[in-house]
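J.: Position 150 (the sequence shown) corresponds to 285 in the working numbering; numbering is contiguous.
A few of these clues could be false.
BS3-like mimics (lysine-lysine), calculated; alpha carbons at most 27 Å apart, straight line [said to hold, decoys possible]:
| hint | residue 1 | residue 2 |
| --- | --- | --- |
| 1 | Lys550 | Lys591 |
| 2 | Lys613 | Lys558 |
| 3 | Lys884 | Lys940 |
| 4 | Lys591 | Lys484 |
| 5 | Lys690 | Lys702 |
| 6 | Lys1108 | Lys613 |
| 7 | Lys682 | Lys701 |
| 8 | Lys910 | Lys862 |
In short, the hints are calculated from the structure, not lab data.
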Amino acid sequence: MAGAKLTPSPSEIDPDVKTEVQKTPEPTWVNPSSPLRTMGSFGSDAGQRYQEEYSMDSTNAQVQVEFYVNENTFKERLKLFFIKNQRSSLRIRLFNFSLKILTCALYILRVSLDNPKDTPCPMCQNNSLTNTTETPGEIKWGYIFWVNRRVPVWAIQVTVALISFLETMLITYLSYKGNIWEQIFQISFILEMINTVPFIITIFWPPLRNIFVPVFLNCWLAKGALENMINDFHRAIQRTHSAMFNQVFILICTLLCLVFTGACGIQHLERAGKELSLFDSFYFCIVTFSTVGYGDVTPQIWPSQLLVVILICVALVVLPLQFEELAYLWMESQKLGGNYSRHRAQTEKHVVLCVSSLKIDLLMDFLNEFYAHPRLQDYYVVILCPTEIDIQVRRILQIPLWSQRVIYLQGSALKDQDLMRAKMDDAEACFILSSRNEVDRTAADHQTILRAWAAKDFAPNCPLYVQILKPENKFHVKFADHVVCEEEFKYAMLALNCVCPATSTLVTLLVHTSRGQEGQLSPEQWQRTYGRCSGNEVYHIRLCDSKFFGEYDGKSFTYASFHAHKKYGVCLIGVKREDNKSIMLNPGPRHIMAATDTCYYINITKEENSAFIFKQEEKHNKGLPVTGLYDAPSRLPVHSIIASMVDQATSYGTVAIDLQNPDPPEESSKLTLPTENGAGSRRPSIAPVLEIADSSAILPCDLLSDQSEDETNQSDEEGSVGSDFVKGYPPNSPYIGSSPTLCHLLPQKAPFCCLRLDKGCTHNSFEDAKAYGFKNKLIIVSAEMAGNGLYNFIVPLRAYYRPRKELNPIVLLLDYPPDNHFLEAICCFPMVYFMAGTIDNLDNLLQCGIIYADNLVVVDKESTMSAEEDYMADAKTIVNVQTMFRLFPSLSIITELTHPSNMRFMQFRAKDCYSLALSKLEKVSCSGPGTETVTIERDKGSNLAFMFRLPFAAGRVFSISMLDTLLYQSFVKDYMIAIARLLLGLDTTPGSGYLCAMKITEEDLWIRTYGRLFQKLCSSSAEIPIGIYRTESHMFSTSEASSV
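Work out the full structure, taking the sequences as your base and the hints as a guide.
T.: This is the structure we're talking about:
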């Protein structure tokens, strides 16, 4: 409906609608025959309208035309105020609710003041019920129809009834849509008429002022008004409320209305029989509805008995429906997980774990590692997962240990509503994990990226801990506080396992929280030592606050590391300057310790939890588990390998002895027996570690010269091995975000055809590994495809600190040939080849040179990571590796598995007594000393169920899921990811050392103890030993020999 007017009067202007009166526009250069149109402003709900002005050339008169979206009539304005407008309708319903509660209160007041004997009866003789004759058992109907209502109460009730009547008629008129009977036969309308019309009639007919009106029925109208009022309230504040809350509220209101109606009705009807007070009637209703039924209070006349029957029937129909709806909503809320309360979020600390699917292994790894730290015991963990909770996960979360502090919410991290349920903006941290078991790992990364973006958008101040699968997707989440790329760590550890045995085991034990009490009841010496040393972790402390390192202010790093180990049994591995954000591992004797330095050390516990006992200090230090020391020198094995960190800044600390060569090198070793004091029975002495290194002994560091080899003393044959190599940074990186690493490179890129091992080309005619005649043993990598992560396998094996003559040829055995993009990235590295084939094909293995290889790395295939039965994903890999283990028993096979629990099937020997003894040790219940189960070990603080399995302890098998704890541990130790990347060679810091290994032979046993070895390495080459890899033979008469 459009209204046209020249000047609107003030009475016609809607106060809630803004109207703009267009002024006459100034003349513009337009066609005068065309109308000039301008658009007015938008109004509110009542009068959104457009204004158009037409310039009439003939009269120059202007007419303002207003177009209303809604009808601008008086009825529409009333409808807007009473029904449509949220805030005004909320006020109206609040007023209506107050009127209904007032009428119920007036009814209770009237009952409390009522005396049946004084009840007037206009239809009776003498206008009184007391003069009527009564017979025993007769129902006094007059007491039912007439009550004693005092004038003030009547006046208030009439006023309230008149207001309610007018409001009801107005709402009915405004809601009328053409069917009057639909409006009349509504229950709410009928109740309003019953409770209001009789009072209005008493205004005009005074004798009816004492007639009974069931005003207590207004409680049902109050219930409806309250429900509508709550809905309007939530609409007005733009907040959705819980359906569970709404249903519980409806159920409670229904119960209250039934009890109140029954109490008032029975009390009134019993006026005609045995008089009951309102409290007695209320007591009777509670006893009846609770199905107790004492029988001490009962209705005496049939009208009240009939009312009880009706109420019970109504309750049997209404209440089950309400309870059914409530049960359904409760079950749905259990699936969704409810909400994390705002009050708890503001008073307690919590973290959010976002995953696409939650498995029991992932959950337990997170909870065990997260709650292993004492200061996190009071934290809550809120799990946000889009899938329904798994049965096993539900069973775990019902355990009292977790039920009080782990909350599962079903929802998506992409929805702000679900993030609000998890109170992401108040969380201390958000962990976003990828689903590594997905067939399409790229799609899994895309989901993780979107979750990270959504969390950052919703809660910019919440620290993010993100797990990414593929390295090419890492730069999308560069904004996160901590990022762990699975394939980067996986391939770097697999590569270092080839040159530094059991690197994966070393790193896995360092990033797992343990108390070092595992295996202490085992009869095996190596298990007790191995379990005790597994409790070592990386900690940090400022030098000026430390008792371990405070006395070494102004001393060299090497001196501080050796003497801290000698005095306290701790291993100082790194340091960080106050003005530098980069951590340096073993910066060497060049680095002078300062009071403001942050020290990073390996110990069984942090210094703050240590007790210092200075008596017999030397004796006690020998028994500290951190050193990995054996008491009796006679127990030292013939072959041990020392993992150490070499200082890259010194000219004499860059040699790592070849681990694959059983013969010692011809040049002088760092562990050579000193010539002085070396004869006779006197124990040879070791040079002391200087406080400040002699500057004359430290040569300038030149990374581009190969200081690890004295090429002038090499023969022509030896020098020809690496004469064609140069040092530099790889020119092509396969993905954005890879850290540049100085490597051995070819002077010129190799043609792609020359990278193919099994096919000749115009440059050479070799078609297998034998034809190449490699001088060093091969490293074969079996993978499904050449992903970008495989680049991180090659880089550590071609790093500049690897001696040129010890570089092992690398053969990539791929199911699918690589693309040119990957070949472009690897063609600059020397002795890197590929061929298409699989490990289950013996011809492919022989062609790629497996008989000339020392290490075969089997990478878990993406296509087999998901299976119908979860733990069967590794079946094909395990069987293929077992076949090669039988065919090539001397070959070192390093395998990656999807599930750590499948490690027990690696190198499986059904009749090996030693392996069976380990299996029995893990499974058999506690039956005496020395036969503890893994469950008992877990109670002592172990989270690695299979840490004593020989393949894992030997570094022959690895699962990337074991490194999930690296991300969890970084919440408490924010430096752990940086240290792990430096150890694995993924990052390089100027002045920082690197991880290497050297072999201990019979000629080196003069050193005798680990402490003297520490001193020898620190004084000769400034290296810091951090662990021992030991092999021992166990002979059984009924089985084969098994080595650790």
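J.: Checked against the structure, which of the hints given earlier come out wrong?
T.: Hint check: nothing fails, all pass.
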